[in-house]
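These protein sequences, in sequence, are chains E and Z. Using the numbering used here, read the first sequence as starting at 1 and increasing by one per residue. Using the numbering used here, read the second sequence as starting at 1 and increasing by one per residue.
Keep in mind that a hint or two might mislead.
[To be verified] Calculated pairs, DSBU-like style, for lysine-lysine (alpha carbon to alpha carbon, straight line, at most 30 Å):
#1 Z:LYS75 <-> Z:LYS46
#2 E:LYS132 <-> Z:LYS2
#3 Z:LYS18 <-> Z:LYS46
#4 Z:LYS3 <-> Z:LYS18
#5 Z:LYS400 <-> Z:LYS2
#6 Z:LYS400 <-> E:LYS30
#7 Z:LYS64 <-> Z:LYS75
#8 E:LYS132 <-> Z:LYS184
It should be emphasised that the hints constitute simulated quantities derived from the structure, not laboratory data. Every value quoted in this text rests on a predicted model; they were computed, and no experiment measured them.
Given next are the chains, with one letter for each unit.
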Amino acid sequence: MNPKTDDILVDICDLSKNFRMGGSLVEALKNVDLRIDQGEFIAIMGPSGSGKSTLLNIIGCLDRPTSGSYYFSRRDVSALSDVELSLLRATRIGFVFQTFNLIHQLTVLENVEVPFMYQNTERGDERRLALKAIEQVGLDQRSNHHPSELSGGELQRAAIARAIAISPGLILADEPTGNLDSVTGREIMNIFASLNQNGSTILLVTHDEEVAGYAARQLYLSDGRFEECPGH
Amino acid sequence: MKKLILLNSGFRSLTRHKLRSSLSILGVVFGVVALISMLSIGEGAKREALRQIELLGTNNVIAKSLGQTEAQEIKARENLSRGLTLDDADRLKIMVPGIFLVAALKEIEAEIIGGPVETAYQLAATTENYNRVKNLEISQGRYISARDQKMKNLVCVLGWDIARDLGQQGRLGSKLRIEDTVFKVVGILEKRHWSKSKLPALTSRNYNRCVFIPLNSSGVFDRNWRSAIPVSEISVQFRDSGEVIQGAAVIESALTRFHHQVKDYQLIIPQELIREAQQTQKIFNIVLGGIAGISLLVGGIGIMNIMLATVSERTREIGIRRAVGANQRDIAVQFLTEAIILTVTGGIIGSILGCAISIFISVLAGWETVVTGWAVVAALGMAIIVGVIFGFYPAYNAAKLDPIQALRNE
Numbered sequence: 001m002n003p004k005t006d007d008i009l010v011d012i013c014d015l016s017k018n019f020r021m022g023g024s025l026v027e028a029l030k031n032v033d034l035r036i037d038q039g040e041f042i043a044i045m046g047p048s049g050s051g052k053s054t055l056l057n058i059i060g061c062l063d064r065p066t067s068g069s070y071y072f073s074r075r076d077v078s079a080l081s082d083v084e085l086s087l088l089r090a091t092r093i094g095f096v097f098q099t100f101n102l103i104h105q106l107t108v109l110e111n112v113e114v115p116f117m118y119q120n121t122e123r124g125d126e127r128r129l130a131l132k133a134i135e136q137v138g139l140d141q142r143s144n145h146h147p148s149e150l151s152g153g154e155l156q157r158a159a160i161a162r163a164i165a166i167s168p169g170l171i172l173a174d175e176p177t178g179n180l181d182s183v184t185g186r187e188i189m190n191i192f193a194s195l196n197q198n199g200s201t202i203l204l205v206t207h208d209e210e211v212a213g214y215a216a217r218q219l220y221l222s223d224g225r226f227e228e229c230p231g232h
Numbered sequence: 001m002k003k004l005i006l007l008n009s010g011f012r013s014l015t016r017h018k019l020r021s022s023l024s025i026l027g028v029v030f031g032v033v034a035l036i037s038m039l040s041i042g043e044g045a046k047r048e049a050l051r052q053i054e055l056l057g058t059n060n061v062i063a064k065s066l067g068q069t070e071a072q073e074i075k076a077r078e079n080l081s082r083g084l085t086l087d088d089a090d091r092l093k094i095m096v097p098g099i100f101l102v103a104a105l106k107e108i109e110a111e112i113i114g115g116p117v118e119t120a121y122q123l124a125a126t127t128e129n130y131n132r133v134k135n136l137e138i139s140q141g142r143y144i145s146a147r148d149q150k151m152k153n154l155v156c157v158l159g160w161d162i163a164r165d166l167g168q169q170g171r172l173g174s175k176l177r178i179e180d181t182v183f184k185v186v187g188i189l190e191k192r193h194w195s196k197s198k199l200p201a202l203t204s205r206n207y208n209r210c211v212f213i214p215l216n217s218s219g220v221f222d223r224n225w226r227s228a229i230p231v232s233e234i235s236v237q238f239r240d241s242g243e244v245i246q247g248a249a250v251i252e253s254a255l256t257r258f259h260h261q262v263k264d265y266q267l268i269i270p271q272e273l274i275r276e277a278q279q280t281q282k283i284f285n286i287v288l289g290g291i292a293g294i295s296l297l298v299g300g301i302g303i304m305n306i307m308l309a310t311v312s313e314r315t316r317e318i319g320i321r322r323a324v325g326a327n328q329r330d331i332a333v334q335f336l337t338e339a340i341i342l343t344v345t346g347g348i349i350g351s352i353l354g355c356a357i358s359i360f361i362s363v364l365a366g367w368e369t370v371v372t373g374w375a376v377v378a379a380l381g382m383a384i385i386v387g388v389i390f391g392f393y394p395a396y397n398a399a400k401l402d403p404i405q406a407l408r409n410e
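All chains, please: the whole structure from these sequences, using the hints.
Encoded structure:
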């Protein structure tokens with residue numbers, strides 16, 4: 001694949017993020033540069049507190065950088081309002097969390113349909129797309145179950161179904177196997193791998209070498225900085 | 001579609017905590033019950049008063065003879081007042097402009113002989129146009145005529161109920177013996193709505209139980225027959241309702257003059273009573289509104305309390321929804337919807353209970369109660385307003401949560 005400028009999905013330049021914790025200032029990210037092209041599968045590794053999750057939240061439009069620039073699909077995200085950022089999350093970004101984060105009073109199918117509620121168009125085929133996503137992760141027998149009736153692996157499949165149902169431009173996974181045993185973890189990673197093969201762009205955060213091995217490109221974040229040059 | 005999903009998920013989150021949700025809406029329920037049942041009592045009282053007043057006739061002014069104390073009677077005699085008389089009626093007719101009809105009625109204490117025992121009735125001697133002033137409908141025959149009055153004919157007209165009770169004697173053409181005199185039944189009145197009013201001044205005569213005879217013929221029951229026939233009541237009907245208030249003042253001053261300053265009569269002006277009834281109603285409504293308002297305020301605080309608890313309990317869910325694309329407004333709308341579902345449910349339950357209670361009151365206390373559609377709409381509207389006002393702060397709190405912090409919440 002020859003990357004063209006149109007293929008650049010995430011373009012982060014000189015990005016910093018500071019927190020105020022107690023009285024002291026914490027520099028979670030220091031002048032980070034990162035470019036993600038369409039169709040890439042990237043793993044960001046690093047010890048806890050290295051700023052991985054912060055970077056993921058900023059890329060996922062849940063958080064804003066303190067300084068620096070972030071372009072998502074050539075759009076300057078740092079200038080967007082809450083409504084615009086939210087719409088971007090609802091239409092272009094799929095989150096997968098370590099703790100699954102399903103809404104427990106909703107069934108699997110309803111959980112997968114939640115993101116559609118926040119897209120500002122009535123598409124009419126939400127149900128079909130949700131069912132298709134559930135089938136894709138092999139959970140079609142469980143679509144009417146509540147999260148409390150599912151195993152850990154099934155919960156994470158449901159969460160992946162929710163992330164992919166909207167056909168996002170970017171799937172963000174934060175330690176997706178962290179709460180699973182190694183066998184189930186491998187199953188989940190195989191799903192990610194096959195999604196990537198079908199063209200999805202995936203950004204994974206983990207501190208597990210084996211998990212990171214599924215990604216085509218590994219980056220090491222330490223103390224708010226990439227240790228290796230992330231550019232090609 | 002999305003609105004339906006929102007409503008549905010709102011209902012489901014609320015039904016997950018049935019007891020808690022039910023308890024939280026109790027305040028609103030009580031507030032709405034108070035609002036509905038009190039409005040229904042007010043509306044019932046208002047209609048009752050208006051009906052009574054309309055029975056008296058809105059174009060009418062009625063002068064009623066008053067019972068006199070001994071001192072007053074002495075003064076009356078000194079001043080040569082003879083009380084209300086038929087002469088007064090005749091003079092009013094000439095003197096007061098705008099008068100259409102004048103009728104007089106005299107109550108007579110006498111017994112129907114051979115009639116069924118334990119039948120209540122009132123013997124009333126009237127002038128020929130009394131039925132027109134009071135709008136009495138004739139069912140059979142005719143009312144007392146000018147000729148009856150002039151010739152002192154011994155005829156009578158029966159009210160609907162008394163005609164029924166008399167049976168054979170109550171038929172048209174039959175003879176009715178009152179004390180020592182025999183009267184011929186020439187007419188029977190149509191049945192007419194009547195109920196006892198809470199205000200004695202407003203209670204009209206129960207015409208269904210009246211036996212009417214010509215006023216001039218009533219001499220047979222009165223041993224002290226004088227030149228001027230004393231009457232119990234003079235009813236004046238004006239041509240136009242706009243002339244009533246002014247005309248009443250003229251009547252007042254004329255009667256005062258006829259009676260040489262003795263106030264031995266009472267003037268009843270139904271139009272003025274309507275105005276007074278409406279004024280009283282307004283005060284009543286303000287008081288009721290205040291009571292219902294306080295209940296709804298307390299109910300609203302209950303809703304706010306429970307919504308604050310819900311928001312802090314579901315912080316994680318808020319984080320999840322934010323992560324998958326909800327903006328601040330979506331979150332606020334979600335929790336505001338839940339608050340409104342709570343208060344509207346309370347409003348509906350309260351309305352049903354309020355209707356039940358107003359029926360209960362009307363059965364138990366015998367008061368007329370009317371639940372108007374307007375009252376129900378007002379109650380539900382209040383419930384929605386309470387939901388919006390008291391749901392706003394919890395919803396705002398939910399919307400302002402930092403999504404990342406919210407996702408970390410256990």
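Structure-based check of all given hints:
1. Z:LYS75 <-> Z:LYS46: Violated, at roughly 40 Å.
2. E:LYS132 <-> Z:LYS2: holds (20 Å)
3. Z:LYS18 <-> Z:LYS46: violated (40 Å)
4. Z:LYS3 <-> Z:LYS18: holds (23 Å)
5. Z:LYS400 <-> Z:LYS2: holds (22 Å)
6. Z:LYS400 <-> E:LYS30: Answer holds: LYS400 of chain Z to LYS30 of chain E is near 27 Å, not above 30 Å.
7. Z:LYS64 <-> Z:LYS75: holds (19 Å)
8. E:LYS132 <-> Z:LYS184: The hint is violated at about 96 Å.
Hints 1, 3 and 8 from the earlier list are contradicted by this structure; the remaining hints agree with it.
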